[in-house]
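FYI, the numbering for the sequence shown is 1 to 125, going by UniProt numbering.
Derived by calculation from the structure, the hints in this document are not laboratory data.
Wrong hints could be hidden among the right ones.
[Stated by the list, open to error] Straight-line distance between alpha carbons at most 27 Å, and here's what the computed BS3-like set of lysine-lysine pairs gives:
1) K112 / K82
2) K82 / K113
3) K34 / K82
[As the list claims (entries may be wrong)] Ranges of calculated distance between the beta carbons of each label pair, as one might list FRET restraints:
4) K113 / G59: 24 to 30 Å
5) Q37 / E73: 20 to 26 Å
6) A93 / G50: 16 to 22 Å
7) T67 / L116: 37 to 43 Å
8) D84 / K112: 28 to 34 Å
Just so you know, these numbers come straight off a predicted model, no measurement behind them.
Ideal Cβ positions, reconstructed from N, Cα and C, are used throughout, including at glycine.
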Amino acid sequence: MDKVPSSDNQASSPFLSAKIRSSRAMGESQSTTKRLQTELMQLMTSSAPGISAFPSADGNLLSWTATIEGPNETPYSGLNLKLDFAFPSNYPASPLNAEAAELWDKDPNTFKKKVLERHCEIDDE
1 MDKVPSSDNQ
11 ASSPFLSAKI
21 RSSRAMGESQ
31 STTKRLQTEL
41 MQLMTSSAPG
51 ISAFPSADGN
61 LLSWTATIEG
71 PNETPYSGLN
81 LKLDFAFPSN
91 YPASPLNAEA
101 AELWDKDPNT
111 FKKKVLERHC
121 EIDDE
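Construct the complete structure from the given sequences, taking the supplied hints into account.
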C-alpha cells in the first residue's frame with residue numbers, strides 16, 4: 001500500500017475541517033428554519049388573544065416583531081407593547097435576543113403618563 005505523504009494530509013486537514021464546520025452550520029441553519037416555521041404555525045393556529053409575532057417585513061426568518069396588548073383591568077390596558085426578536089442561527093441551542101422596539105404606540109411620554117396614571121400604591125387597596 002502506498003503511503004500518502006504527510007504534507008498532503010496536512011494540506012487537506014484545514015480544508016476538511018472547514019468543510020465539516022460549514023456542513024454543521026448549514027445543518028443548524030436548516031434546523032433553525034424548520035423550528036421557527038413550526039413555531040410560527042403554532043402561533044398562527046393558537047388562540048392567544050392580544051399576542052402576535054411574525055417574521056419582520058424584510059422576510060428574514062431570524063428577525064421577528066411581536067405585539068402584546070395590555071391586559072384589561074391592568075395599568076397596561078389599552079396599551080400595545082412592541083418587541084423585536086433576533087434569533088441566532090443555532091436557535092434553540094442558543095437563546096434569542098429580545099429588546100423592546102418601542103413600548104408605546106406613538107410617544108414615550110404619553111406611554112409613561114398612561115402607566116403612571118393607573119399606578120396605585122399597595123396600601124391604597
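These are the hints, each one checked on the structure:
1. K112 / K82: holds (15 Å)
2. K82 / K113: Roughly 17 Å separates the two Cα atoms, so the pair holds.
3. K34 / K82: holds (25 Å)
4. K113 / G59: 24 to 30 Å: This hint is violated: roughly 37 Å between Cβ atoms.
5. Q37 / E73: 20 to 26 Å: violated (36 Å)
6. A93 / G50: 16 to 22 Å: About 30 Å separates the Cβ atoms of A93 and G50, which means 16 to 22 Å is violated.
7. T67 / L116: 37 to 43 Å: violated (22 Å)
8. D84 / K112: 28 to 34 Å: Because 20 Å falls outside the window, the suggested range is violated.
Hint violations for this structure: numbers 4, 5, 6, 7, 8, all remaining hints satisfied.
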